[in-house]
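Quick note, the sequences are listed as chains A and B, same order. Each residue of the first sequence is one higher than the one before, counting from 1 in the working numbering. Each residue of the second sequence is one higher than the one before, counting from 1 in the working numbering.
For the record, the hints were derived by calculation from the structure and aren't laboratory data. You may find that some hints are simply not true.
[As the list claims (entries may be wrong)] Under the rule of at most 35 Å between Cα atoms (straight-line distance), these lysine-lysine pairs were calculated in the DSBU-like manner:
no., chain 1, residue 1, chain 2, residue 2
1, B, 70, A, 340
2, A, 308, A, 260
3, B, 97, A, 260
4, A, 546, B, 70
5, B, 97, A, 335
6, A, 30, A, 185
7, A, 260, B, 79
8, A, 260, B, 57
9, B, 97, A, 385
10, B, 97, A, 430
11, A, 30, A, 430
12, A, 164, A, 316
13, A, 316, A, 30
14, A, 260, A, 79
15, A, 185, A, 159
16, A, 430, B, 57
17, A, 385, B, 79
[Claimed, not checked] To spell it out: a stretch of chain A is covered by chain B in this simulated footprint if at least three of its residues, at any positions, have a beta carbon under 8 Å from a beta carbon of chain B; those stretches are:
no., region
18, 392 to 402
19, 490 to 501
20, 538 to 548
Bear in mind that the values here come from a model prediction, so they are computed numbers and not experimental data. Every residue gets a Cβ at the ideal spot worked out from N, C-alpha and C, and that includes glycine.
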Amino acid sequence: MKLLARLLRTAALSAALSLVASASGLEPRKVDRAPAQATLIPLSENWRMDGDIPTHALILSLQGLANRESPRLYLEYPKSWQWEIVRPLVGFLERRHGMRFDRLAENDAAGALQRFSRFAKGYVVWDREVRSSLLVAFTAAGVLDGVVVSEELIPLAEKHGLKKLEDLRGRFRGQPDHQIYRWAKDAYWSRCSRDYYVVLGGHAGMEMQPGVADFAIKARAFCADLSANPAHPEELALLNELLAQQNPGSVVLGWHSYAKDTEGQHTTLVGNYGLIMEGLHNVPNVSFTCQIPLTPDFTFRNNHSVAKDTRLKPEKKVYVAALATDSMGIGAWTKPGRGKIPYGWQVLMNWVWMNPPALQFFYEDKTPNDYFIGGLSGPGYMYPKSIPPDKFPRLMASARDLMARLDLRVMEIMDYSEGNRHVGNTDLPKEIVDRYYHEFPDVIGFINGYGSARTFDLRDTRPFLSYEYYLDVERPEDEAAADVEELIQLNPRRPYFLLMHIRETNTVEKVASILGRLSEPVEVVPLDVFLKLAAAEKTYRTNYQKPSDPVDLNP
Amino acid sequence: MTVSLLSVLRSSLALSASLLVAIATAHASPASAVAPTASPSRASATATAADFNGTWKIDLHRSTELSPWKSLELSFDIKGDHVVLHRVFAWGRRTFKETLDLNLKQEVNLVPTPWWPDNRHLGAYSTGDHTKRVRVAWLDGGRLLRLSSDLTLETQQGNREVNILSDYKLSANGAVLMLTELRSTRNRPIVYVFTRVAAAPASAQP
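For reference, chain B alone in the conformation it holds in the complex (with noise of 0.2 Å):
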């Protein structure tokens, strides 16, 4: 599967060297390796993890297509073992957010889902209870913040079990932030990278 993967990659992406690192790390690391007991690296990780805090806008050249959203903001506060992540996909005057509020102490966090809007091409859609069950964790030091989302989509036929693994990683001087997803149901990962959006000058603010 993993050698698979990366074959496809290699011959239909033109993704950078550090991408392929990132991915094979990620796709290397089963999803249980992020519950709590196992991850040591967790506690010790908040001086690089802090240097997600701000925000971060997508970089549309180097991501995969974000179609139909034309635009996709995150928006990280950490402190300690919280990590408060705001995602806003837009397309013009629409638009949807979503915050992750997620507790790193907890095995298991519960976010609410009330929408999909990661690929709303397909004919998939938030259900159930609404929820997503988030397992989070530091790797690599604090440069690696791996979600492991568990969540129900209905379909046509019914409901499907999903997971969804996604890693943000931070480039070394902390300018860049790519974001790798491997979804259970889909044959090729997503890669989404971010650059940072520059505070506003202190006079600028309202």
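Chain A on its own, in the form it takes in the complex (with noise of 0.2 Å):
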């Protein structure tokens, strides 16, 4: 009986470790500490398939390929990249990792070349004819340990004592991205990683911006922009194939197709796989970032303004919370204002792992009025209502511990699986928001939406709340403001909890500009306390979505 109770204590025990390694378990090797050295290539503006792109796949591939065991080589991305991170974060580099980067000159692949050719064991040939080529040969130089190169750039390769290893020329042409991808995955498939499957989509036609393919090869992972809209059923029955077939908990690293389907439709498919969508396809430097640990003498600390079991008494007012929830690294970080006011910014968790010092670049970075949270609505980006309830549990304790190495209090929701900002609804059933309050004991609160929606509940002292406002990138000030003065007047009971989303690239300056705006009082206060404060008085009537919402599946 005795060994009996001993033996199901250890079950539960591995049980449970298993399940707080399953984040863990993606995590690349880390070395002990960042090299002195490493090489920077500047990459130019043109990112054209008829302009530098056979160059830069070229230096990409090398990328992930020198930096399978090691961080070596870095790409100075040109400064209108989405991620601006990328430049901050060599002065980063430089000052709290001592490290020094040998510049070479802008899309200098022969002397890439020169330095990083050990690392390869050939060259694969992709077809300038046919753009899926393109992926499809960043997963056999993944699988094959090759650069991929143009027609054109074989005798660089060969110069520099490269073999071929797989040539795609001619292979495709006429043919559409369903039978190309098909032949890929049945040419290395199965040679790829279980672990990642990378979605080079984004951009389209002329332009291509395969921004993570170094990880891609790094982690010898399948490439493809394979389509999740019905109106392409080859393509999905195909992108279901693979997504059946990967890990448990894995990622689907990458952006969906910009031409093909939305958004929407694409992360709703990979969560209805439990799997866990982490964007972008452009997001750059992963194969080195990586492996990068934290430095010895820092830890992730927020900055909250109050304690966890805090109880605050609201006053008859208007309290107003502004967050940023695009990712710190494409948003508003390094843009005017910063500081001006409390101000949210949603944390990319899994950057812990994937990019551990842009993660510490912001954490140091922070002035005492930016306050982090976890999201988007579990380790990754996923819509919950697209995760089967079996599924759920285990992502969600992987969000915890994110969550909890992160130090961060307050779990972040959205789920375009039924709806947009356009059309639609964003909300969350009964049964979901239940879901959430029982995987998340510990956080003092939720925010649900994107653009607006109408989710609210309290229970005990964690509010629920969704936004109330959007703020457009494109919304002129004074639109804005009239805006929240509408909002104000909708809602005359005090206090009134308004919580608004910031788009994107809008500045915090623009934010305490339309604040100033106001002919009525409102108070900003940091979203701890704005949570705190709407936990005292709930003047918000508790709402879940109904039957009779209107859905729309993101056509």
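Starting from two chains that each stand alone, build the complex the way the hints lay out.
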């Protein structure tokens, strides 16, 4: 009997440990300390298929191979690159890790091969007449340890002693993408990672920005831009096949193709398999940064304005909290005004293992007015309504683990599986709200939405609030101020809790200016204070998604 | 209220003089003036009213910022006392279509409102019986179509009654249609400018 009890205890402990380790199991190995020196290559502005893409593809593939065992090669993307963090991070690595970067010339593929061709076993040729052949070439390069070249770059590769491993020229001409990727699956899938599938979508047509291809090659991931749109049944069928074979709780890295399907469709499908979506297709240098540890003197510390068990008493006034969630690396972090008003920032939690130096940079660079929250809906970007209930607890255990590591006390949720900020709904039924309250007993509150939404609740001292306002990047300040004033008129009871979601490149300065234009007094407070105040006096109605709410499957 | 409204307009909007006149005209007329018994011009307006017919596309550069939508198209089909107005909001593949079927002989028209597309940035939604009550009248010899709509919006604190006064005014030459909206809960007017969409040539029609 005692033996049985001990066995049961052991089994329970083992199960618990496997849950906690589910996220960390994906984590690439870190080096003990950042290298003293690394190579830096600036990349040009031109990312066109008929422009510099062949050179960029070669350098990216070489980066993946050179960085496979140790961080050696960092790429400096152009100033216009969506991830503006790529440049400040160089200074951070120099300052905090004592790294020195040896800078080569822009797009210096020859210089790169001179230094790093020893990490390649050969080259893979893609067909410039067939865009998708480049994504197949990235897959082959990861599996075969090759660099990716177009026809005119073959002499350069051979000059550095590389031999042909695969030649895709002429193989796919006239074929649709589902046929091309079916061939790639037959040829390479069995040798690809079951922890990562990489979607090199996003920009389409003549533009391609495969910034995360370096990590795909390092991880030997299958690369594609398969569509989740039912309008493309063959591609959708193949995508379903691939996702179904990936490990539970594994990562889909990259972004859907802007030309094929929608963010809502793709993320919903990924969620159906209980996988973790992590954007974007152009996130830079992951093969490098994922191996850099935190500096020994650093731990993640958030700016908590109130203790977890604090109880506050609101006044009869309008309280405003502002929150940016489109990733600090592409948003307003480096833009004017940060620190001017209390402001919330949703952390890309998986960056704790994908990009530790960037998160350390943000945490060390924060002002007293910057407050971090967790998201998005779990350990990555996911829609709770799309996740099968039996897969939900495991994923949320990972999210709890990440939140604890990052000192985060607020979980933000977004669900575009049945609508978006234009049509349909972004609300949650009671059953899903129940699940979040159950899975996150230690948070001080939940945030829901992207555009405005209307799921509201309060249980014990933990409010569940939706965004009241979405600040569009295009919205002029006077119209935005009128919007906020209209909300204040529409909600006459005080206290009124007005939560603003600030879209991407809107600056803190703009938000402060909008709030400064209001003809009615409001108090802008840190998000944790906002939630504590909302917990104390519930002037909002409990509301969940109703069966009669509109549904739009994001066509 | 009217004075302060115009003051705000003059200082913050680069609106044309004609637009200010249009707004002042709209604002000076209480919604009750559009009740059928108080609108003597209605019956005599059909000649000009017919010029509304057709499709109109918003001119974003001359209009109040439209986000989250990128386009708005209106189509009028006016026959006698019957006005059918289609509104199509769009942002890429995301669209919302609404039809207002209005009878000028009725004091109040009940119009289905499954969704409130006017400002999707706000936490405010169509609710209740999902209808709006619309009074409609012709003014100014048929150059101005006025809709006064009462609807209920759901907010985080409950339901809120809202009135929207919508003036559709044709330019003298019939080339430009200006929509001025005054929402009872909003401090600023909304002004949308539309130009006529030319009918497709016969050969291009299916």
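Okay, the hints, checked on the actual structure:
A threshold of 35 Å between alpha carbons decides the hint, and for residue 70 of chain B with residue 340 of chain A the separation of about 32 Å falls inside it, so the pair holds. Distance hint between residue 308 of chain A and residue 260 of chain A is unfulfilled; the C-alpha atoms sit about 45 Å from each other, more than 35 Å. Note on residue 97 of chain B and residue 260 of chain A: the hinted pairing holds, with a Cα-Cα distance of about 24 Å set against a maximum of 35 Å. For the hint linking residue 546 of chain A to residue 70 of chain B, the alpha-carbon distance of about 29 Å falls within 35 Å, and the restraint holds.
The suggested pairing of residue 97 of chain B with residue 335 of chain A is violated, with an alpha-carbon distance near 38 Å, which exceeds 35 Å. Between residue 30 of chain A and residue 185 of chain A the CA atoms are separated by roughly 30 Å; this keeps the pair inside 35 Å, and the hint holds. About 43 Å separates the Cα atoms of residue 260 of chain A and residue 79 of chain B, which puts this hinted pair outside 35 Å; it is violated. Our distance criterion of 35 Å between C-alpha atoms is met by residue 260 of chain A and residue 57 of chain B, whose separation comes to about 27 Å.
The suggested pairing of residue 97 of chain B with residue 385 of chain A holds, with an alpha-carbon distance near 26 Å, which does not exceed 35 Å. Distance hint between residue 97 of chain B and residue 430 of chain A is fulfilled; the C-alpha atoms sit about 30 Å from each other, no more than 35 Å. As the CA atoms of residue 30 of chain A and residue 430 of chain A are separated by approximately 41 Å, the hinted pair breaks the 35 Å bound. For the hint pairing residue 164 of chain A with residue 316 of chain A, the CA-to-CA distance comes to about 73 Å; that exceeds 35 Å, so the pair is violated.
With a C-alpha separation of about 51 Å, the suggested pair residue 316 of chain A and residue 30 of chain A falls outside the 35 Å cut-off, and the hint is violated. Using a Cα cut-off of 35 Å, the hinted pair residue 260 of chain A and residue 79 of chain A holds, with the two alpha carbons roughly 28 Å apart. With a C-alpha separation of about 31 Å, the suggested pair residue 185 of chain A and residue 159 of chain A falls inside the 35 Å cut-off, and the hint holds. About 41 Å separates the Cα atoms of residue 430 of chain A and residue 57 of chain B, which puts this hinted pair outside 35 Å; it is violated.
Taking the CA atoms of residue 385 of chain A and residue 79 of chain B, the gap is about 47 Å. The hint is violated against a cut of 35 Å. Counting residues of the region 392 to 402 of chain A whose beta carbon lies closer than 8 Å to any beta carbon of chain B gives 0, which falls below the threshold of three, so the coverage claim is violated. A count of 6 residues in the region 490 to 501 of chain A with a Cβ less than 8 Å from any Cβ of chain B is obtained; the coverage claim is therefore met, three being the minimum. For the region 538 to 548 of chain A, the proposed coverage by chain B is satisfied: 4 residues have a C-beta within less than 8 Å of a C-beta in that chain, meeting the threshold of three.
The structure fails hints 2, 5, 7, 11, 12, 13, 16, 17, 18 (numbered hints given earlier, in ascending order).
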